[in-house]
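**Student:** Heads up: the sequence lines are chains A and B, in that order. Each residue of the first sequence is one higher than the one before, counting from 1 in my numbering. Each residue of the second sequence is one higher than the one before, counting from 1 in my numbering.
Careful, some of the hints might be misleading.
Pairs of lysine to aspartate or glutamate, EDC-like flavour, derived with a Cα cap of 16 angstroms [as the list claims (entries may be wrong)]:
1) K12/A / D193/B
2) K195/A / E20/B
3) K56/B / E67/B
4) K70/A / E295/A
5) K70/A / E51/A
6) K12/A / E20/B
7) K56/B / D44/B
8) K195/A / E60/A
9) K70/A / E60/A
To be clear, the hints were calculated from the coordinates, so they are not data collected in a lab.
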Amino acid sequence: MRRRDQRLTAAKRTRERIVVTLLALSAVVSVGITFSILLVLGLESYGFFQEVPLWRFLTEKEWSPSFYDKRFGIIALASGTFLTSSIALIVALPISLLLAIYLSEYATPQMRNFLKPTIELLAGIPSVMYGYFALFTVTPLLQKFIPSLPAFNALSPGIVLGFMILPTITSLSDDVILSVPQRIRDASYALGATKLQTVFRAVLPAARSGIISACLLGLARAVGETMLVTIAAGQVPVFTLSPLSQVQTMSAYIAFVSLGDIPWGSLEYKASFAVGLSLFLSSLVFHLAGVILRERALRLLRGL
Amino acid sequence: MKELTMVKPKPVTVVSPWPERLLLAGCWLALLVTLSIIVAILADVMVDGLPRLNIKFFTSYPSRRPEDAGIFAAWVGTIYVMILTAAMAMPIGVGAAIYLEEFARPGWFSRFVELNISNLAGVPAIVYGLLGLQVFVRWFQMGESVLAGACTLTIVILPVIVVASREALRAVPRSIREAALALGATRWETVRDHVLPLALPGILTGSILALSRAMGEAAPLITIGALTYVAFLPVSPLDSFTVLPIQAYNWVGRPQPGFAQNAAAAIIVLLILLLLLNGIAIVLRSQLQRRYRL
Chain A
1 MRRRDQRLTA AKRTRERIVV TLLALSAVVS VGITFSILLV LGLESYGFFQ EVPLWRFLTE
61 KEWSPSFYDK RFGIIALASG TFLTSSIALI VALPISLLLA IYLSEYATPQ MRNFLKPTIE
121 LLAGIPSVMY GYFALFTVTP LLQKFIPSLP AFNALSPGIV LGFMILPTIT SLSDDVILSV
181 PQRIRDASYA LGATKLQTVF RAVLPAARSG IISACLLGLA RAVGETMLVT IAAGQVPVFT
241 LSPLSQVQTM SAYIAFVSLG DIPWGSLEYK ASFAVGLSLF LSSLVFHLAG VILRERALRL
301 LRGL
Chain B
1 MKELTMVKPK PVTVVSPWPE RLLLAGCWLA LLVTLSIIVA ILADVMVDGL PRLNIKFFTS
61 YPSRRPEDAG IFAAWVGTIY VMILTAAMAM PIGVGAAIYL EEFARPGWFS RFVELNISNL
121 AGVPAIVYGL LGLQVFVRWF QMGESVLAGA CTLTIVILPV IVVASREALR AVPRSIREAA
181 LALGATRWET VRDHVLPLAL PGILTGSILA LSRAMGEAAP LITIGALTYV AFLPVSPLDS
241 FTVLPIQAYN WVGRPQPGFA QNAAAAIIVL LILLLLLNGI AIVLRSQLQR RYRL
């Protein structure tokens, strides 16, 4: 009897070990993904930078990989990304901030329960649908006010991109504002402040770095968004800071190359990996800064 | 005592000063703008696309004439790719979450994996597309196939599933685990028979949310070379394919107005599939919650 029990536990122990190994393997997959991103982007970009020196990539102002006179100035694509994402942030920030203030300080619980999932709907809309909306509704609408606006421009997808990142910024800011301790509000009221003064002079300053981190995380999303800008911003890389011009973003270039028939291993193929590396690094910077700032902000608020 | 309750205090009406009213007006305006954008985006597609929806649209392949073109290959492709993606992403994602939450000892390794997953969530989908192109399509020789697409989408949504599943597992009370272990269950038995069933509704919600994201995603699939013109149904996982968002994108870019309508109709079908997916999740969740209640 005793021996049988021991055998059972031995079998169980083996099973336990196998299961834990399998589970650990699935956790290791994510590390594998990170390494393969770095490996793939690194390898192909290395091949690219062997042919096109890094300084030319960073300093030239034109991007024309398919012309006879090939130019590879990432600034032309980066300016497109910069334009659309900054317009998005300019649109999203005030609206998100007002929504977050309303949700956390004024809305009744019922209102909150209705509004939060409704705003989240914006995050669930496929980006092709945003592109359709930008191209066929927002651009014609804008053209009524700005007749010179071309069919493809940075402004319209920028505005729509703003609504795309709005749920991210709103819910992250809302979280931070809610985690400002009630004591801070009470102290402000006790000193005779009105609700408005409390919100603007006590709550928002306490939540400031958290709100900045929400913007950074929203920006990281805006920088990487592809289909919307591919559909509505155009496919011509121009180094410009005019929102009325058509632009090609870094992400749109990668999609553009993939849609064409570019042979594997050619310079243009490698160029899309160099652009991918630039895109990866720029969104990583925003994402990391956002995550770190957010953790610090929440830790500080907990300590208050 | 009775007299005291008779005297009701007059309700104090606080008149908000005008700056506060201004702020509230701003808040209401922001709400109005947000809600009307949601309505406008939906209405825009509905108005353009609904007249185009008929049986023939579902059973035809793409065509040069907009009125003959359909989404047969696209909706079949979407469902095919999503089933494969779910079959790969859910076991790996939930497995990783179980390991990190239930088995990993706190230390540099689990901190490293955690940091790593949080960063993966910030990588743009199109960068995953480049990864899929090089690793699955080229190195593993899968070609521009359904399988390569599903593998790529799996790595796009894996971090989301891991994070959501970990939260669901963390919400299961510690006492459940202690009770199972005290009765002689091994750690895996504890997880399999007690923790996992209780966390399943949460895991399911997170996974379905992630799968919905994958279903609407076109960029990484375009990057791995999914076709925009497919006049056959994918049968084997190594066949070429297209999906609804790519088909819609392809039609958006055409000059004839008929194709814009087709794009809108394809987007409506995509939305219907998204609704179905989320509906299944809601039904499953409520049934699971009824079966395992704390």
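**Student:** Looking at the structure, which of the earlier hints fail to hold?
**Tutor:** 4, 6, 7 and 8
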